[in-house]
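Novice: Chains as they are written, first to last, in our numbering: chain A, 1 to 332; chain B, 1001 to 1332.
Source of the hints: derived by calculation from the structure; they are not laboratory data.
Among the clues, some could well be false.
Stated by the list, open to error - Among the chain A residues that face chain B by a calculated CB cut under 8 Å, a handful are:
hint, residue
1, N6
2, D209
3, I271
4, R286
As the list claims (entries may be wrong) - Chain B stretches covered by chain A per the calculated footprint, using a threshold of three residues with CB under 8 Å from any CB of chain A:
hint, region
5, 1045-1059
6, 1108-1118
7, 1225-1232
8, 1254-1267
The beta carbon of each residue, even a glycine, is placed where N, CA and C say it ideally should be.
There are 2 protein chains.
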Amino acid sequence: MKKLINDVNDVVKDSLLGVEAAHADLVCVDHDNKVVYRVDAPVANKVGIISGGGSGHEPMHGGFVGLGMLDAACAGEVFTSPVPDQMLAATKLVDGGRGVLHIVKNYTGDVMNFDMAAEMASAEGIRVESVLIDDDVAVQDSLYTAGRRGVGLTVLVEKILGAAAEEGKDLDYLVSLAHRLSANGRSMGMALSGCTVPAAGKPSFDLADDEIEVGIGIHGEPGRERRTIGTAAEVAEMLVRPILDDLDYRGSEVIAFVNGMGATPLIELYIMYAEVVKILQAEGIRVVRCLVGNYITSLDMAGCSVTLLKADDEMIHLWDAPVVTAGLRWGR
Amino acid sequence: MKKLINDVNDVVKDSLLGVEAAHADLVCVDHDNKVVYRVDAPVANKVGIISGGGSGHEPMHGGFVGLGMLDAACAGEVFTSPVPDQMLAATKLVDGGRGVLHIVKNYTGDVMNFDMAAEMASAEGIRVESVLIDDDVAVQDSLYTAGRRGVGLTVLVEKILGAAAEEGKDLDYLVSLAHRLSANGRSMGMALSGCTVPAAGKPSFDLADDEIEVGIGIHGEPGRERRTIGTAAEVAEMLVRPILDDLDYRGSEVIAFVNGMGATPLIELYIMYAEVVKILQAEGIRVVRCLVGNYITSLDMAGCSVTLLKADDEMIHLWDAPVVTAGLRWGR
């Protein structure tokens, strides 16, 4: 294993020092609780939005803290859920008096710990609601969770809910919007390589020189099947078709998101995006907004995922709203 | 070789299709000439700024086309200079009547071809000036060039000159500002792995499991030496010390740029950034602005580079000015 780290036990701690040093204009870091939060938290009269999960998916979630997106993010150790105390600390930091929304990706540890944190926060008089993201069409259950995994849609949900909260929407409205987003978004990913968790020291899995894993999650957990790599056009088909089979996108406008898993260069992601658009055009699906790049990664895994969100006018309006975070920024 | 491509001969062509599809609000693509240019080019009464070079360094340069940065970028084949006809086409596309500036990284092919393009443009009545970027302190000469290579500083120069042009500065002023930037910026990089040019099909070099190449360029060309990997703190020292030895930064304010070579995840780049800041603080050098991420890459190479620019008030003002490109965006 070769990595730019000091010690396998200090990866998250040291990385948060860098985040704090680089983005002091946007965020503060509570190092004891490993919570990244907006410099202006809590924002009065705004629902606070937090998320979190295991580290290793950067820029998600810490890189999405700022105006128009998250109020705070809890960083667990690499691929390990944060503990309820971290989530409670984050909840208290961002409570501006209108309640706090937890955005939770569907992994067993995250779900359990966020549930516990919500109970603890309620006991302290903070109203908390949770929304579960489970957009991965690849597998029904997996190594890390029962039910579908939460993957790329998380990025779009955090952006859109963050914008809605910034506009003053209340907690109930945000929960219903989250359900609409969940109902209308699906993802599928693939890997060209495994990823190496620092504490493990070796790749999560090995693939032959011509082999890819289709339907991969974001923790190096197994996908649907191993196949021989094809062209970008064929790989796009392997990712888009299961999404279209799972949800009826005919005649829709979509936000299309081609995400890199961490080690795949941008030049390849743009090739993939072009191929995804070709398939969607042939199906009469209109891409009205897009995102291409490394946003929800899996350490040093090579590969990509595709997320398609059927977007209505409100979602598009909220997508376009200003966002000022380290990982996503426009409009200001 | 496993890559998300259709054909080794179509990598640049196919990727530009993706860029065009993803960023139609910002740029147009002249596919015949492989030129990415601003949707509003030529901008009247503004000096046009173009750059370009071999592909494989994305988001540079095409991802830096837009308001407040480049007016156009020429994409060569992977790690291969664009030809003069491409540069001439770009020059003509962005000439708004106040001349055109060519930002040229110091590689033999780029320098020769941009020179020729400048002559051809002059013959057509367009005033062209060129500025050469050669900020890499690692080696005096290399496989690809005589003199120092142009690396990370290019990103900062494109941002700052782009902002100055947007503010209406004339060609002479931009050339003198470019010289100040060149005089005050230095870079050094390292690699954890080689990179694989699609047409070559195998890595540019192989490193042992515990080995790094220090002083690497952006084309997989050799660096200063191979060493056993150390901690992030030690690697930061290997990169920052030669920069400080080359130029006197004592008492300065700097823009610090920690760049990923393409396959190194953000979590590691932030660890590196924290270590770079520690060294600079100990030397009494104040970081006033920073950039951390994959901006001038080397395909799928793992590794990073550090660039330090001694910045005066004008440079900081121009750094902060709005920029709206696919790769760098703030202020609007």
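Novice: Which numbered conditions among the earlier hints are violated in the structure presented, ordered from lowest to highest?
Specialist: 4 and 6
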